[in-house]
Amino acid sequence: MKVNKRSIVFGVLTLVIFTVLPLYAQSMIPQEYLRGFSSQGFDLADLVNKVAFIGLVMSVLILLKGFFEKTSATFLALSIVSTVFWLLIVFFALGMGKMENLGLTVLSSEAGGVSNTVIFDLRLFAYLATIIVGLKIFHSILKFREARLKRAAVQTSQPSPTAESPEGTTRSGAN
Amino acid sequence: MNKIKALRLGIIGFEVLTIALCLLSVYTLFNALSTAISGGTMNLNLTRDESTGEWRFILNGSPRNTGFLGITLFFEVAVLDLDGLDIARNSTSVFIPAGGTNEFSLSLTIPPDVVPGGNLEEAEGYFELRFAVRTLADLVGFTNTLRIGGEASP
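Protein chains in written order, with the working numbering: chain U, 1 to 175; chain P, 1 to 154.
Derived from the structure by calculation, the hints contain no laboratory data. All values reported here derive from a predicted model rather than from experimental measurement. Treat the hints with care, since some could be wrong.
[Claimed, not checked] Using 25 Å as the maximum straight-line C-alpha spacing, the simulated BS3-like pairs for lysine-lysine come out as follows: (1) U:K98 x U:K5; (2) U:K143 x P:K5; (3) P:K3 x U:K98; (4) P:K3 x U:K70; (5) U:K150 x P:K3; (6) U:K5 x U:K143; (7) U:K143 x P:K3; (8) U:K50 x P:K5.
Put together the whole structure using the sequences plus the hints.
Printed below as a string of structure tokens:
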């Protein structure tokens, strides 16, 4: 089976950047800092674990795409899945680890009769990212159709072995 | 040009524009938090009118925006009872263009009947301070709400 070398390189790079490095960086952070973040309503360890998981899934998707031809329906499906997955990563980053917030992050803390609530509103970029992903999926479908049409055109322009055989038999069995 | 290539270029342009706007907005917001709301640009006064017994909270400021985009600052102060209902509330907002400065003033009068003995520390209820920064035509923002207080000590 032919494997695209670029997919292997990008898959490994994604795994290193999103999974290996964050997990290594997390192990270097002192526990007191992690507890400090946690008391402010921000679970850094959970965030890093989620980033590592995302990196793992992304690298698997990139590697899988390398196994298929651009004209195959599986390649198109994998392209769409990885594009949607990128959107989830954007939601994840904009929501500071909570993709269900869709860019609206609320952090609350309370101590000694004082409550503090911080809201980050980055929903605009979540909406723009959704539009971009929609356009990218549309582009993937157009590219897939074009690749299929090109392949079909090449196949029809090549003389078929059946037509060349004067007896009307195929040559595949000869020799 | 091939339509598919044109679409691809359009998507790339849209992506670059979105990333640039995101970076500019986030930079402007954090810049506003660190420079516009620094100690030297704000002046807070809490005074008591002895003739009426009213407390007056006054917040004056001349914040500066050193970010790349214009910002709208919003300030709100409120006094609430123990059930969270408003006793007094006031707010103001000010637009500051990129690289510019602007002044604002916000005052709140606390009626004497909610301050037993005229001492704010003995008052029951909450003091709420809300501060917001918005940029990119108010589409992106940050809001901080601080609520202090509760039941007075017996």
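Violated constraints from the hint list, given by number and in increasing order: 1, 3, 8
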